[in-house]
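S.K.: Here is what each chain is made of, one letter per residue.
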Amino acid sequence: QKEVEQNSGPLSVPEGAIASLNCTYSDRGSQSFFWYRQYSGKSPELIMSIYSNGDKEDGRFTAQLNKASQYVSLLIRDSQPSDSATYLCAVNLADSSYKLIFGSGTRLLVRP
Amino acid sequence: GAVVSQHPSWVICKSGTSVKIECRSLDFQATTMFWYRQFPKQSLMLMATSNEGSKATYEQGVEKDKFLINHASLTLSTLTVTSAHPEDSSFYICSATRTDRGGSNQPQHFGDGTRLSIL
Chain A
31 QKEVEQNSGP LSVPEGAIAS LNCTYSDRGS QSFFWYRQYS GKSPELIMSI
81 YSNGDKEDGR FTAQLNKASQ YVSLLIRDSQ PSDSATYLCA VNLADSSYKL
131 IFGSGTRLLV RP
Chain B
429 GAVVSQHPSW VICKSGTSVK IECRSLDFQA TTMFWYRQFP KQSLMLMATS
479 NEGSKATYEQ GVEKDKFLIN HASLTLSTLT VTSAHPEDSS FYICSATRTD
529 RGGSNQPQHF GDGTRLSIL
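Line order of the protein sequences matches chains A and B.
Going by our numbering, the first sequence opens with residue 31, and the numbers climb by one from there.
Going by our numbering, the second sequence opens with residue 429, and the numbers climb by one from there.
Next up, chain A with everything else stripped away, as it sits in the complex (with noise of 0.2 Å):
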């Protein structure tokens, strides 16, 4: 069973620091990983994505890649409260499958 590990949460963070998601996954064949947020009532939305080791950084993001050890991070910059919402971690499947496991998601909370 291919899995994909996130804490739950919440995590609570004053306005302007700095959020740190974290995930870990199962599947050592994985390529791609996606980090999505989605806010309450509402569907997921991609910000991230990353398929290399290394960080990867886009505006106030930074994904964070270790195939090794099998663990991809998520910084938040500047966290805003409109950042608030749940964070899913996905990997794809090394079957070629297009398909995607989700992690169950980490509900990141930013206080004004």
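No wet-lab data here; the hints were simulated from the structure.
Among the hints, a few may not be true.
[As the list claims (entries may be wrong)] Incomplete in silico selection of chain A near chain B, CB under 10 Å:
1. F64
2. Q68
3. I131
4. V140
This one's a predicted model, so the numbers in the text were calculated from it and none came from an experiment.
Note that CB positions come from ideal geometry on N, CA and C, so glycine has one too.
Given chain A, put chain B in place with the hints provided.
M.R.: Frame of chain A, contents of chain B only:
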């Protein structure tokens, strides 16, 4: 780019009614689409993989005769909840992958979801 449209956004109907939900990829071809269900405060649950021109692949525990999936074109997949009952009330979300770009490393792009309430 990579816009996925889902319709309707919400449905309220009587028990026993069948409900059809449409999922369209607006600016790309998607030979593969996915259908998810999400109950309040729970994570996404993959129901099935919709394959253009062939039968859908259902996840374990999902009744294929209850949740009919049709993927007749490269941009449209439909999910029909047959003889819906109150326990089928949920948030149904489709997603599509840009398979025209090749490789299995493409993300899934989600529709806005359909909130289904069965009375």
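S.K.: Against chain B, is I131/A within 10 Å by beta-carbon distance?
M.R.: holds, 9 Å
S.K.: Under the criterion of a CB-CB separation shorter than 10 Å, is V140/A in contact with chain B as hinted?
M.R.: Check failed: Cβ of V140/A comes no nearer than 19 Å to chain B, outside 10 Å.
S.K.: Taking the closest Cβ pair, is Q68/A under 10 Å from chain B?
M.R.: Holds. Min distance 8 Å.
S.K.: Does F64/A pass the interface check with chain B, least Cβ-Cβ distance below 10 Å?
M.R.: holds, 5 Å
When held up to the earlier numbered hints, the structure conflicts with hint 4 and nothing else.
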